Amino acid sequence: MSQPVLSVRDLVVEFSAREGVLTAVNGVSFDVHAGEVLGLVGESGSGKSVTGLAVLGLIDAPGRIASGAILLNGEDLTKKSEAELRRLRGRNIAMIFQDPMTTLNPVLRVDTQMIEAIRAHEKVSERAARDRARDALAKVGIPSPEERLVSYPHQFSGGMRQRVAIAIALLHRPAVLVADEPTTALDVTIQAQILSEVQQLAAESGTALVWITHDLSVVAGLADRVAVMYAGRIVEEGHVADVLERPAHPYTNGLIGSVPSRNKRGEPLAQIPGMTPSLASLPPGCAFAPRCPRADAVCKNPPGVTHAGDARAFRCFHPLIPVEAAA
Amino acid sequence: MLVYVIRRLGQAALVLAVMATLVFIAVYAVGDPVAILASPQADQQELEAITQRLGLDRPLYEQYGLFVWNALHGDLGRSFVYNEPALTLILNRLPATLELALTALVIAVFIGIPLGLYAGLKPQSLGGHSIMAGSILGFSLPNFWQGLMLVLLFSVMLGWFPAGGRGTTRELLGVPVSFLTLDGLSHLILPALNLALYKMALVIRLTRAGTREVMLQDYIRFARAKGLSQSRVIGVHVLKNILIPVVTVLGLELGSMIAFAVVTETVFAYPGIGKLLIDSIGRLDRPVIVAYLMLTVVMFVIINLIVDLIYAAIDPRVRLEEAKA
Ligand SMILES: Nc1ncnc2c1ncn2[C@@H]1O[C@H](COP(=O)(O)OP(=O)(O)OP(=O)(O)O)[C@@H](O)[C@H]1O
Ligand code: SF4
Ligand SMILES: [Mg+2]
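Chains as they are written, first to last, in my numbering: chain A, 85 to 411; chain B, 8 to 332.
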């Protein structure tokens with residue numbers, strides 16, 4: 085297979101807090117290839133956003149990338165200076181965020197925010213940049229883009245704002261787009277529209293997508309591969325259909341069980357018992373052990389990665405699929 | 008917009024009328040200016056002559072009626088002391104005070120905002136802590152004491168600037184100003200700094216708090232994710248957002264700066280309206296006191312109106328029609 089555009093290796097991100105050092109991302113590794121969509125799934129607090137921000141070099145104090153490598157087309161971003169990172173951000177690697185109501189600056193017009201994004205990376209005239217901004221708006225399905233350019237963010241609906249953010253993120257046809265739950269705050273219908281539009285636009289520009297979500301049904305329709313995160317670690321990874329049909333990790337299984345459409349009508353919604361653990365008080369072995377129905381004494385040790393067949397991997401001593409399948 | 012302005016002016020007229028009435032009666036009640044104005048040797052006849060000349064022999068309601076009648080015709084009365092129209096007296100002194108207040112405002116903004124930004128961006132740094140400590144001093148030390156210390160340090164000990172007065176002025180569009188001459192400027196700096204210190208502390212705190220809040224917003228993250236330079240993110244995305252509260256508060260404070268110039272003008276013997284007011288109160292010069300306060304109210308109203316307009320200009324979400332005053 086070709087070289088991945090983005091390859092994250094053993095990434096560790098720490099925050100120094102009053103309770104000590106919290107490891108929000110703990111040895112995360114994944115690859116994304118050109119034109120591919122990777123779904124990054126997990127409960128709130130599992131470290132998805134921190135992983136995404138780290139990839140763009142946007143972790144601020146008190147956080148830091150403690151170790152690991154982030155290779156963009158083979159170049160390690162963790163070794164780059166802030167000035168070098170700035171030149172890559174928005175041009176080679178872009179990001180959109182969860183809440184469209186807050187991602188655009190409320191006191192700047194949309195054209196200002198688009199033109200500055202173009203001119204941050206290319207020496208073009210204001211006029212040329214403006215024309216491109218207008219075309220980009222048209223492309224994400226914003227009606228009468230010429231007039232909308234001079235609007236302020238509050239004059240757009242949530243869905244339209246997220247479209248503007250997507251248009252901005254794709255202005256330079258980046259190699260990778262990290263999408264941090266961009267549809268979570270939107271209506272289901274608009275969510276579906278935006279999903280398919282982003283998918284299409286990314287495919288057109290050959291952009292690889294890292295799609296962060298806590299919603300497995302989004303991943304099912306969109307992603308090629310999925311990585312499931314729990315308490316700062318990727319606990320399971322594989323092709324979407326494969327993982328959804330034959331989950332190996334009890335946590336993945338629990339997530340699948342709690343998707344509403346999978347539950348039988350009239351029965352109470354299945355839920356994973358217990359709560360997302362606090363990073364400050366993780367158990368020494370498998371972090372999922374306190375909530376895991378299959379946990380036993382062995383699970384007091386940290387589980388290593390088991391590779392099983394075609395791009396499939398998980399961290400569990402007692403997987404739900406037969407271990408003989410392991411390659 | 009027009010409706011909004013008219014409504015604001017209507018409210019202002021009401022405030023003006025009520026205030027003028029209260030002050031008029033209050034000053035009447037405080038005492039008899041004739042006793043202060045006349046020379047100690049004056050006999051009964053002379054005293055009566057003065058009382059009559061000033062119209063103070065008539066009953067209060069007549070004096071008040073006359074005042075209202077004249078005020079409606081634009082005449083706020085003559086000063087008992089200077090025998091000049093009170094309004095002329097004040098307007099002659101107004102440029103000095105306005106110059107002082109505006110200079111102080113400029114100092115407060117151009118020093119306060121950068122310091123506040125720095126303290127907001129690097130709250131844990133030594134510089135950030137020092138700036139905040141300094142701003143606490145600016146807040147808590149009494150204004151007149153700060154003024155005295157400035158005089159002591161820069162005039163008496165270092166001899167850099169004169170301790171008082173206004174210095175040479177030059178006409179600018181028919182108004183005498185002192186910042187155009189070196190002598191005038193050197194007279195202006197200390198009192199302006201004195202008046203600015205408190206506001207500067209305020210600007211620093213507002214800017215710092217605003218910066219810290221804005222830096223956590225998603226749109227700053229997004230701006231950085233676009234690959235904008237640090238200077239563009241801070242100079243445009245952050246600054247434009249924190250300017251909204253700063254402009255609002257400063258606008259409101261400009262009025263109080265003109266009013267509080269009283270203290271600074273007294274410390275620095277600066278010939279502005281504040282000093283005139285203090286002198287007039289000492290002599291129970293009712294027409295000047297009433298005219299001063301009426302003018303102050305008018306000034307507050309105008310300033311607030313301008314602030315609202317600026318506010319609407321920098322914050323696109325504000326619609327003046329909606330702002331029910
Ligand atoms: N600035 C910070 N300071 C301290 N801890 C932080 C900071 N940012 C994130 N964390 C910690 O990192 C962990 C992971 O957070 P992250 O935002 O990545 O979760 P997430 O998976 O994106 O969740 P959500 O679905 O709620 O967005 C959390 O436990 C959080 O407490
Ligand atoms: S390692 Fe043990 S506790 Fe952890 S998920 Fe697997 S079975 Fe459960
Ligand atoms: Mg998140």
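Calculated directly from the structure, the hints in this document are not laboratory data.
Since this is a predicted model, take the numbers as computed values, not measurements.
Ideal placement from N, C-alpha and C gives every residue a C-beta, glycine not left out.
Be aware that one or more of the hints could be misleading.
What the hints assert, rightly or not - Listing some non-contacts, in silico: residues in chain B with all C-beta distances to chain A over 10 angstroms: (1) 18; (2) 76; (3) 102; (4) 139; (5) 179; (6) 226; (7) 228; (8) 248; (9) 267.
Stated by the list, open to error - The list that follows gives simulated cross-link-like pairs (lysine-lysine, DSS-like), each with its CA atoms no further than 25 angstroms apart: (10) B:129 <-> A:163; (11) A:164 <-> B:129; (12) B:129 <-> B:282; (13) A:207 <-> A:223; (14) A:223 <-> A:164.
Hint check:
Residue 18 (chain B), annotated as away from the interface, keeps every beta carbon of chain A farther than 10 angstroms; the closest lies near 29 angstroms. Its beta-carbon lying about 50 angstroms from the closest one in chain A, residue 76 (chain B) satisfies the requirement of being farther than 10 angstroms from that chain. At roughly 35 angstroms from the closest C-beta of chain A, the C-beta of residue 102 (chain B) stays outside 10 angstroms, upholding its exclusion from the interface. With a minimum CB-CB distance of about 18 angstroms to chain A, residue 139 (chain B) clears the 10 angstroms threshold, and the non-interface call stands.
Taking the minimum C-beta to C-beta distance to chain A, about 34 angstroms, the non-interface status of residue 179 (chain B) holds against the 10 angstroms cut. Its closest Cβ contact with chain A, about 4 angstroms, brings residue 226 (chain B) to no more than 10 angstroms, contrary to its assignment away from the interface. For residue 228 (chain B), the non-interface assignment is contradicted: its Cβ lies about 6 angstroms from the closest Cβ of chain A, within the 10 angstroms cut-off. The claim that residue 248 (chain B) lies off the interface is violated: its Cβ sits roughly 6 angstroms from the closest Cβ of chain A, which falls inside the 10 angstroms cut-off.
Distance check on residue 267 (chain B): its Cβ is at least 31 angstroms (rounded) from any Cβ of chain A, clearing the 10 angstroms threshold; non-interface status holds. For the hint linking residue 129 (chain B) to residue 163 (chain A), the alpha-carbon distance of about 24 angstroms falls within 25 angstroms, and the restraint holds. With a C-alpha separation of about 23 angstroms, the suggested pairing of residue 164 (chain A) with residue 129 (chain B) holds against the 25 angstroms cut-off. A threshold of 25 angstroms between alpha carbons decides the hint, and for residue 129 (chain B) with residue 282 (chain B) the separation of about 42 angstroms lies outside it, so the pair is violated.
Distance hint between residue 207 (chain A) and residue 223 (chain A) is fulfilled; the C-alpha atoms sit about 23 angstroms from each other, no more than 25 angstroms. For the suggested pair residue 223 (chain A) and residue 164 (chain A), the alpha carbons sit about 33 angstroms apart, so the restraint of at most 25 angstroms is broken.
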